[in-house]
Amino acid sequence: MQANQGGVDPVDWTGAIYSTLQDWQVAQVAYVPDAGHSELIIRCDRDENMRLVPLTTEEEGIALLAGAWLGGQRGVLLMQSSGVGNCINMLSLARVCRFPLLTLVTMRGQWGEFNPWQVPMGQLTPKVLADADSLVFSVDDPAAMGQTVAGAARMAFEGPAQAAVLIGQAVIGAKSFGR
Amino acid sequence: MGDTMDEKLNNTLDRDRAVDYALRRREVVAQLLADRGDTLVVAGLGAPVWDCTAVEDHPLNFPLWGAMGGAAAMGLGLAMAQPDRRVLVITGDGEMLMGLGALTTIGAQQPDNLAIVVCDNERYGETGMQLTHTAGGLDLPAMALAAGFATAAGIRSDNEFKAALPAIREGRNAAGPGFWSIKIRAENNAIGVMPPKDGVTLKDRFRAALLG
Ligand SMILES: Cc1ncc(C[n+]2csc(CCOP(=O)(O)OP(=O)(O)O)c2C)c(N)n1
Chain H
1 MQANQGGVDP
11 VDWTGAIYST
21 LQDWQVAQVA
31 YVPDAGHSEL
41 IIRCDRDENM
51 RLVPLTTEEE
61 GIALLAGAWL
71 GGQRGVLLMQ
81 SSGVGNCINM
91 LSLARVCRFP
101 LLTLVTMRGQ
111 WGEFNPWQVP
121 MGQLTPKVLA
131 DADSLVFSVD
141 DPAAMGQTVA
151 GAARMAFEGP
161 AQAAVLIGQA
171 VIGAKSFGR
Chain Y
1001 MGDTMDEKLN
1011 NTLDRDRAVD
1021 YALRRREVVA
1031 QLLADRGDTL
1041 VVAGLGAPVW
1051 DCTAVEDHPL
1061 NFPLWGAMGG
1071 AAAMGLGLAM
1081 AQPDRRVLVI
1091 TGDGEMLMGL
1101 GALTTIGAQQ
1111 PDNLAIVVCD
1121 NERYGETGMQ
1131 LTHTAGGLDL
1141 PAMALAAGFA
1151 TAAGIRSDNE
1161 FKAALPAIRE
1171 GRNAAGPGFW
1181 SIKIRAENNA
1191 IGVMPPKDGV
1201 TLKDRFRAAL
1211 LG
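Just so you know, the sequences run in chain order H and Y.
Reading the first sequence from the start, the letters are residues 1 to 179 in the working numbering.
Reading the second sequence from the start, the letters are residues 1001 to 1212 in the working numbering.
Since the hints were derived computationally from the structure, they do not count as laboratory data.
Don't be surprised by glycine CBs; every beta carbon is placed ideally from N, CA and C.
Hints are not guaranteed to be accurate.
Quick list of the computed label-pair ranges, beta carbon to beta carbon [stated by the list, open to error]:
{"#": "1", "chain 1": "H", "residue 1": "I42", "chain 2": "Y", "residue 2": "N1159", "range": "43 to 53 Å"}
{"#": "2", "chain 1": "H", "residue 1": "Q147", "chain 2": "Y", "residue 2": "I1191", "range": "42 to 52 Å"}
{"#": "3", "chain 1": "H", "residue 1": "F114", "chain 2": "Y", "residue 2": "E1056", "range": "54 to 64 Å"}
{"#": "4", "chain 1": "Y", "residue 1": "D1035", "chain 2": "H", "residue 2": "G85", "range": "24 to 34 Å"}
{"#": "5", "chain 1": "Y", "residue 1": "D1035", "chain 2": "H", "residue 2": "N115", "range": "49 to 59 Å"}
{"#": "6", "chain 1": "H", "residue 1": "P116", "chain 2": "Y", "residue 2": "D1158", "range": "56 to 66 Å"}
{"#": "7", "chain 1": "H", "residue 1": "S19", "chain 2": "Y", "residue 2": "N1159", "range": "19 to 29 Å"}
{"#": "8", "chain 1": "Y", "residue 1": "R1156", "chain 2": "H", "residue 2": "N89", "range": "46 to 56 Å"}
{"#": "9", "chain 1": "Y", "residue 1": "R1207", "chain 2": "H", "residue 2": "I42", "range": "30 to 40 Å"}
{"#": "10", "chain 1": "Y", "residue 1": "A1142", "chain 2": "H", "residue 2": "A150", "range": "38 to 48 Å"}
{"#": "11", "chain 1": "Y", "residue 1": "D1014", "chain 2": "H", "residue 2": "G15", "range": "51 to 61 Å"}
{"#": "12", "chain 1": "Y", "residue 1": "R1207", "chain 2": "H", "residue 2": "N49", "range": "18 to 28 Å"}
Modelling step: build the complete structure from the supplied sequences, incorporating the hints.
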């Protein structure tokens, strides 16, 4: 896991996310992976109360977690910002039926991005989610992760509502492939 | 207009054969849902919704009025949350084709209580009966098998359907997820009874019936 840029990362922000998922008894962890989520995925995989559901495309996760909620389970959807672009029509399921949808989005193409192909969805992600009726919370300070994700989860599961937490590149570090 | 289009597609897709298929969708779905017990049903948008509702506007049906491509994935989430219940997804070939990746996601999870039934009329019925890829050589059950389904079969005759019915309806002893593509006659039915359109109503009544 890459540390916060510029030195030692004193904040275990992944741990803060994981304990929120535990608090809410999240049972289905659906994802298309992003490097920024890799440590969280490992932690969830070790948890016998969480089932990992790797997806082929992010929109599957919206339908999957709607089914989970119908069956009485809570879930979380992990993706990177490009994945938001794969979700738009399926978000109407969450919106029309008011299914709770907690999404954690690792941002690319937002700040210090070396790959221009990540920039369109990176820039569009907050707008598109807001237009789709999702609550949007951004985290750029690792120390704020715990309270932000906890607040988003509460609004998602008790609303119920769509709540997305955008995990900024300032938190995960801008990927450079060693360049 | 649509005709010109289909004539060109005729090189690769067969526009005639499904008109003569023996099985009829309303009868097929009525038999799938007869004495359904505590089965949980997700219906893909369009005709499968009307077929399911024609049997009964049941609170343990989740009829999708949109979310095309999402029915199988929704069934998976439900099946994992309710491992002791039979979960039956009844959807169209067009809807299934939009969410083919979900077959592989189901194959990776292996829920033994999930059955996917595609009512395959080889058409996008709801939008004017345009041909789908299944009007060509596409073999959906073969794709499901390759994706890891424990059982997958194509059904063309009443005998085949009768023989498969127990396996489709009874999930508990299945070795893994099951997939059936039922070739049904390409025909237009009157919609008949519609389920509620309000998504919150559908969700709340389903959860109330299932979870109390
Ligand atoms: C994303 C999206 N694209 C297109 C449509 C239009 N549409 C509605 S129903 C349908 C066809 C469904 O066909 P199929 O699943 O084969 O069911 P049938 O009516 O033939 O039984 C289409 C294309 C839509 N609702 N959503």
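A quick look at each hint next to the structure:
no. : hint                          : verdict
1   : H:I42 to Y:N1159: 43 to 53 Å  : 51 Å, holds
2   : H:Q147 to Y:I1191: 42 to 52 Å : 50 Å, holds
3   : H:F114 to Y:E1056: 54 to 64 Å : 57 Å, holds
4   : Y:D1035 to H:G85: 24 to 34 Å  : 44 Å, violated
5   : Y:D1035 to H:N115: 49 to 59 Å : 56 Å, holds
6   : H:P116 to Y:D1158: 56 to 66 Å : 58 Å, holds
7   : H:S19 to Y:N1159: 19 to 29 Å  : 56 Å, violated
8   : Y:R1156 to H:N89: 46 to 56 Å  : 33 Å, violated
9   : Y:R1207 to H:I42: 30 to 40 Å  : 32 Å, holds
10  : Y:A1142 to H:A150: 38 to 48 Å : 46 Å, holds
11  : Y:D1014 to H:G15: 51 to 61 Å  : 57 Å, holds
12  : Y:R1207 to H:N49: 18 to 28 Å  : 21 Å, holds
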